[in-house]
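Chain order of the listed sequences is A and B. Going by UniProt numbering, 270 is the number at position 270 of the first sequence; the sequence numbering is gapless. Going by UniProt numbering, 57 is the number at position 57 of the second sequence; the sequence numbering is gapless.
In case anyone wonders, no lab produced these hints; they're calculated from the structure. Certain hints may be false.
Unchecked claim - Away from chain B, derived, C-beta distances all over 10 Å, residues of chain A: (1) T12; (2) A39; (3) L46; (4) G50; (5) E51; (6) S96; (7) E104; (8) D144; (9) G163; (10) H171; (11) N279; (12) P281; (13) R312.
Stated by the list, open to error - Calculated lysine to aspartate or glutamate pairs in the EDC-like style (CA-CA distance at most 20 Å, straight line): (14) B:K44 x B:E21; (15) B:K242 x A:D172; (16) B:K176 x A:E79; (17) A:K242 x B:D316; (18) A:K176 x B:D172.
Glycine residues also receive a C-beta, built at the ideal position from the N, C-alpha and C atoms.
There are 2 protein chains.
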Amino acid sequence: MAQPTLAVVGATGSVGSVMLELLSSRRNHWGEIRLVASARSVGKSLTCRGERLDVLPLTAEVFDGVDVAMFDVPDAVSEHWAPIAVSRGATVVDNSSAFRMRPEVPLVVPEVNKDAVKSRPIGIVASANCTTAAMIIAMAPLHDEYGLRELVLASYQSASGAGQLGVDTLHDQLAKVAGDRMLGSRTGNVRQAVGDDLGPFPAPLALNVVPWAGDPADLGWSSEELKLRNESRKILGLPALKVSATCVRVPVVTGHSIAVHAVFAAEVTADGARQALRNAPGVILVDDPESGEFPMPIDAVGTDPSWVGRIRRAMDDPRALSLFITGDNMRKGAALNTVQIAELLATEIAKRST
Amino acid sequence: MAQPTLAVVGATGSVGSVMLELLSSRRNHWGEIRLVASARSVGKSLTCRGERLDVLPLTAEVFDGVDVAMFDVPDAVSEHWAPIAVSRGATVVDNSSAFRMRPEVPLVVPEVNKDAVKSRPIGIVASANCTTAAMIIAMAPLHDEYGLRELVLASYQSASGAGQLGVDTLHDQLAKVAGDRMLGSRTGNVRQAVGDDLGPFPAPLALNVVPWAGDPADLGWSSEELKLRNESRKILGLPALKVSATCVRVPVVTGHSIAVHAVFAAEVTADGARQALRNAPGVILVDDPESGEFPMPIDAVGTDPSWVGRIRRAMDDPRALSLFITGDNMRKGAALNTVQIAELLATEIAKRST
Numbered sequence: 001m002a003q004p005t006l007a008v009v010g011a012t013g014s015v016g017s018v019m020l021e022l023l024s025s026r027r028n029h030w031g032e033i034r035l036v037a038s039a040r041s042v043g044k045s046l047t048c049r050g051e052r053l054d055v056l057p058l059t060a061e062v063f064d065g066v067d068v069a070m071f072d073v074p075d076a077v078s079e080h081w082a083p084i085a086v087s088r089g090a091t092v093v094d095n096s097s098a099f100r101m102r103p104e105v106p107l108v109v110p111e112v113n114k115d116a117v118k119s120r121p122i123g124i125v126a127s128a129n130c131t132t133a134a135m136i137i138a139m140a141p142l143h144d145e146y147g148l149r150e151l152v153l154a155s156y157q158s159a160s161g162a163g164q165l166g167v168d169t170l171h172d173q174l175a176k177v178a179g180d181r182m183l184g185s186r187t188g189n190v191r192q193a194v195g196d197d198l199g200p201f202p203a204p205l206a207l208n209v210v211p212w213a214g215d216p217a218d219l220g221w222s223s224e225e226l227k228l229r230n231e232s233r234k235i236l237g238l239p240a241l242k243v244s245a246t247c248v249r250v251p252v253v254t255g256h257s258i259a260v261h262a263v264f265a266a267e268v269t270a271d272g273a274r275q276a277l278r279n280a281p282g283v284i285l286v287d288d289p290e291s292g293e294f295p296m297p298i299d300a301v302g303t304d305p306s307w308v309g310r311i312r313r314a315m316d317d318p319r320a321l322s323l324f325i326t327g328d329n330m331r332k333g334a335a336l337n338t339v340q341i342a343e344l345l346a347t348e349i350a351k352r353s354t
Numbered sequence: 001m002a003q004p005t006l007a008v009v010g011a012t013g014s015v016g017s018v019m020l021e022l023l024s025s026r027r028n029h030w031g032e033i034r035l036v037a038s039a040r041s042v043g044k045s046l047t048c049r050g051e052r053l054d055v056l057p058l059t060a061e062v063f064d065g066v067d068v069a070m071f072d073v074p075d076a077v078s079e080h081w082a083p084i085a086v087s088r089g090a091t092v093v094d095n096s097s098a099f100r101m102r103p104e105v106p107l108v109v110p111e112v113n114k115d116a117v118k119s120r121p122i123g124i125v126a127s128a129n130c131t132t133a134a135m136i137i138a139m140a141p142l143h144d145e146y147g148l149r150e151l152v153l154a155s156y157q158s159a160s161g162a163g164q165l166g167v168d169t170l171h172d173q174l175a176k177v178a179g180d181r182m183l184g185s186r187t188g189n190v191r192q193a194v195g196d197d198l199g200p201f202p203a204p205l206a207l208n209v210v211p212w213a214g215d216p217a218d219l220g221w222s223s224e225e226l227k228l229r230n231e232s233r234k235i236l237g238l239p240a241l242k243v244s245a246t247c248v249r250v251p252v253v254t255g256h257s258i259a260v261h262a263v264f265a266a267e268v269t270a271d272g273a274r275q276a277l278r279n280a281p282g283v284i285l286v287d288d289p290e291s292g293e294f295p296m297p298i299d300a301v302g303t304d305p306s307w308v309g310r311i312r313r314a315m316d317d318p319r320a321l322s323l324f325i326t327g328d329n330m331r332k333g334a335a336l337n338t339v340q341i342a343e344l345l346a347t348e349i350a351k352r353s354t
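Isolated chain A, as found in the complex (with noise of 0.2 Å):
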């Protein structure tokens, strides 16, 4: 049989380029891989499985005898192109969030509920939030083992979640502040040194902490901060799962950490728990502080599973623990778990045409 086709639409974006390279390094499901981005980017040529690609269009036409599209494009981009491409017969795998809380749309992490990918009545099935996903493949087994009930979660996510133009705008700043041994003291300013070129952050990143991500959303919450609760209810299929989240961007350029507090029905252990996560899909764990060995995003970065770490039991409530996760929101965060999905896929229209 022809193997299927498959679009990748934005792929010419940061999170298309990591697409790429997982197309090439991985096992491969795919016929043709047809490139795709928006007018400004044709005549463009991209490599693929070690093959020169042209940029095409985004048009209608060009989802003609693709059997899946791989989406990652701003979520209004999403709305308006996803039931297109599903109305010339694709499958569309969507990385915006422009889906994800749809009743009728999977919202799937494949290690934890790869069987969601099923059900899909409206042809799109998307992947989870840069965050979330890391996350929840830590969360998935401990709640399989002690029933999760509660997270209090707070960030420390990296520039490159907000983009290339996050990436390159930590590094401007990086060069502006660097050398300057008086910045980040009482006689140094640091919104001096960096000037008015904050890119997509609402203050400079370089030397701080900015205790906000995304757009404003319900009573003092972000859209980043309700994000984590809704899809991390929706993935795990708890919907009265207790989340409190505060998102913080830190100076990394890639790599998103989590510092997780999860309170379970059972009494937990803490070596409980390492067991339940070395064994668990698409999770490292390294908890061995005496040695150095946590979770950190320059070890992460480059690398697929969730790094998982610092795992204690609360003093307090022999239900809790605390721990500390790590992915590449390049990665589990984005292209690489939309890559799994559309695999899912493709394995899917495999079995039906044999």
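Following the hints, complete the assembly by docking chain B onto the known chain A.
For chain B alone, coordinates are given in the frame of chain A:
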């Protein structure tokens, strides 16, 4: 009457230098001021209140005639020398952790429990840990209003919490990583760029977050994490307060931040919490995210108060609040709190002698 005599022990350190600055800029409570440091600093002189003062060696005799001695030195030095200072007639205000948890030593944050200073059976008053101090002056008024039951904390601690070596190490590392735009991506290696010079940290701090501060304590917790628990309980007089903290070092020079999830006995409102904080001593409320107003290290550095914002009532618990706090760890977290306690003692001495 003669004004009391003050000794500053550890005057040449980074916290010591902020102490001298504060003594020079605040209303004067002191007659003679003696600057004391280890033998290796003797021969140096420093400016305080516009006067040049010679640094004196740490001996028993240096405390003769001293009314109040502020100590900012390592735990072991405090442990040895504070009782000697007391035996020579001084009252000691100690900023190390050596005495903080001893039942016969009051642990004081003046905005919260200044009356505790009055009972000091062994002549020693302890100043709180940097992260605790910044956090507790915001939590105390909320406790008064709603009755605090539980704290879940995640910190964003700056390099200067690890002393001048921490600051120098971060600046050195920033100079090494700035300009290399591959760093923090899958093709750049921060560990390699930074090299072996990690200073006081267990891993590179530039372009990274390090989920570890302090020394290994019980059951996987770090000493910094347990300080937050134990000191919060003691300062607020709540021995059963539930506290789970995760302490994380971030690439910021000065300014510790804390994401707080607080559970109370009574139902809360965000507006009620803001009102309680607006009138609280030592607190500045910065809570207008849509205008880019939230607490951040680059703004808090060099200032006295705790900056508090991002106040939200939990969506799933009417008795819980999330908030974000930033304070200058060299001031409220160290030098300022110690100086404030010393000034309480100076006022007491002045009253006694009139």
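Going through the hints against the structure:
1. A:T12, annotated as away from the interface, keeps every beta carbon of chain B farther than 10 Å; the closest lies near 17 Å.
2. Distance check for A:A39 against chain B: the nearest CB is about 28 Å away, which clears 10 Å, and the non-interface claim stands.
3. A cut-off of 10 Å between C-beta atoms confirms that A:L46 is not in contact with chain B; the least separation is 17 Å.
4. The Cβ of A:G50 lies farther than 10 Å from every Cβ of chain B, with a closest approach of about 18 Å, so its non-interface assignment holds.
5. At roughly 21 Å from the closest C-beta of chain B, the C-beta of A:E51 stays outside 10 Å, upholding its exclusion from the interface.
6. At roughly 23 Å, the least C-beta separation between A:S96 and chain B is larger than 10 Å, which holds for a residue marked as non-interface.
7. Every Cβ of chain B is farther than 10 Å from the Cβ of A:E104; the closest lies at roughly 24 Å, confirming the non-interface assignment.
8. Residue placement check: A:D144 keeps its beta carbon more than 10 Å from all beta carbons of chain B (closest about 22 Å).
9. Every Cβ of chain B is farther than 10 Å from the Cβ of A:G163; the closest lies at roughly 13 Å, confirming the non-interface assignment.
10. With a closest Cβ-Cβ approach of about 5 Å to chain B, A:H171 is found to fall inside the 10 Å limit, against its non-interface label.
11. The claim that A:N279 lies off the interface holds: its Cβ sits roughly 20 Å from the closest Cβ of chain B, which is beyond the 10 Å cut-off.
12. The non-interface label for A:P281 is consistent with chain B: the shortest C-beta to C-beta separation is roughly 21 Å, beyond 10 Å.
13. The claim that A:R312 lies off the interface is violated: its Cβ sits roughly 4 Å from the closest Cβ of chain B, which falls inside the 10 Å cut-off.
14. With a C-alpha separation of about 17 Å, the suggested pairing of B:K44 with B:E21 holds against the 20 Å cut-off.
15. Pair hint B:K242 plus A:D172 does not hold up; C-alpha atoms about 43 Å apart against a cutoff of 20 Å.
16. Between B:K176 and A:E79, the direct Cα distance comes to roughly 43 Å. Violation of the 20 Å bound is thereby established for this hinted pair.
17. Simply put, A:K242 and B:D316 have alpha-carbon atoms about 5 Å apart, close enough for the 20 Å limit, and the pair holds.
18. Restraint check for A:K176 and B:D172: satisfied, since their Cα atoms lie roughly 14 Å apart, inside the 20 Å limit.
Checked against the numbered hints given earlier, this structure breaks hints 10, 13, 15, 16; the rest are met.
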